[in-house]
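So the sequence shown is residues 51 to 270, counted in the numbering used here.
A hint or two may mislead.
Said to hold, decoys possible - Pairs of lysine to aspartate or glutamate residues, derived as EDC-like cross-links and limited to a Cα-Cα distance of at most 20 Å, are as follows: (1) 232 to 211; (2) 118 to 139; (3) 232 to 192; (4) 221 to 256; (5) 169 to 158; (6) 172 to 184; (7) 84 to 252.
Honestly, the hints are just simulated from the structure, not real lab data. All of these numbers come straight from a predicted model, not from anything done at the bench.
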Amino acid sequence: MNKKAKIFLTLSVILSLTIITISIINKFKAKENKQYTNKDFNIEPYISTIDKDNDGIDDQTDILNNVKKYIETKPKYKSKYYSTGYPNDEYGVCTDVIAFGLKDAGYDLMELVNQDILKNQKQYNIKEIDKNIDFRRVNNLDIYLKNNHITLTTDLSKIEEWQGGDIIVFKDHIGIISDKRKKNGIPFLIHHANPIQKNYEENILEIYGQDFIIGHYRIS
């Protein structure tokens, strides 16, 4: 075998090994990124008995659907003050995912949080009440949800207790639980975290970490 033939054979082997390696990696990624649902784990989907806006869709499903519609608009991340309370442009932050999800299900979070703050101002530790911004603070939402709605486990291993449409609160972040799950049953997170975020529905809960979770709520 001459030198050129040897080089050609070597390059062919390297190319073949590279293709095989890429194929294995892609198959592994596809397996890791495969999306599961409640049905795959024999978990009964939670259906709320309440339909706040009387649109024929229960609140739990309505909230999840509305959140998905909101993230389809691909809001850009920027913390701004709005005299309208709710952002009225292309921008938003993590709390707006919750606000718009609830708003189109019949819950005006701006008014509801403001009412709760007026009743429990010391609990919120707020000196100057401003309803246009108070409902867009993570800490305020955690207190409001704890005061007014169903408090659930923060243990991610109890996968049957996490349902699409639930609200999850972290130490400095907030999001909505997706109806998609990863292979171990832990759900995806629908959220808006930073200006460089590309995907709003992510397999990321375990990356945030169990200790980072401070609240898990369901609208009642």
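Here's how the hints hold up against the structure:
1. Under the criterion of a C-alpha separation no larger than 20 Å, the hint pairing residue 232 with residue 211 is consistent with the structure, at around 15 Å.
2. Note on residue 118 and residue 139: the hinted pairing holds, with a Cα-Cα distance of about 18 Å set against a maximum of 20 Å.
3. With a C-alpha separation of about 26 Å, the suggested pair residue 232 and residue 192 falls outside the 20 Å cut-off, and the hint is violated.
4. Note on residue 221 and residue 256: the hinted pairing holds, with a Cα-Cα distance of about 15 Å set against a maximum of 20 Å.
5. For a cut-off of 20 Å, the pair hint linking residue 169 to residue 158 stands: about 17 Å separates their Cα positions.
6. Proposed proximity of residue 172 and residue 184 is supported: the alpha carbons are some 14 Å apart, at most 20 Å.
7. A threshold of 20 Å between alpha carbons decides the hint, and for residue 84 with residue 252 the separation of about 12 Å falls inside it, so the pair holds.
Of the numbered hints listed earlier, the single one contradicted by the structure is hint 3.
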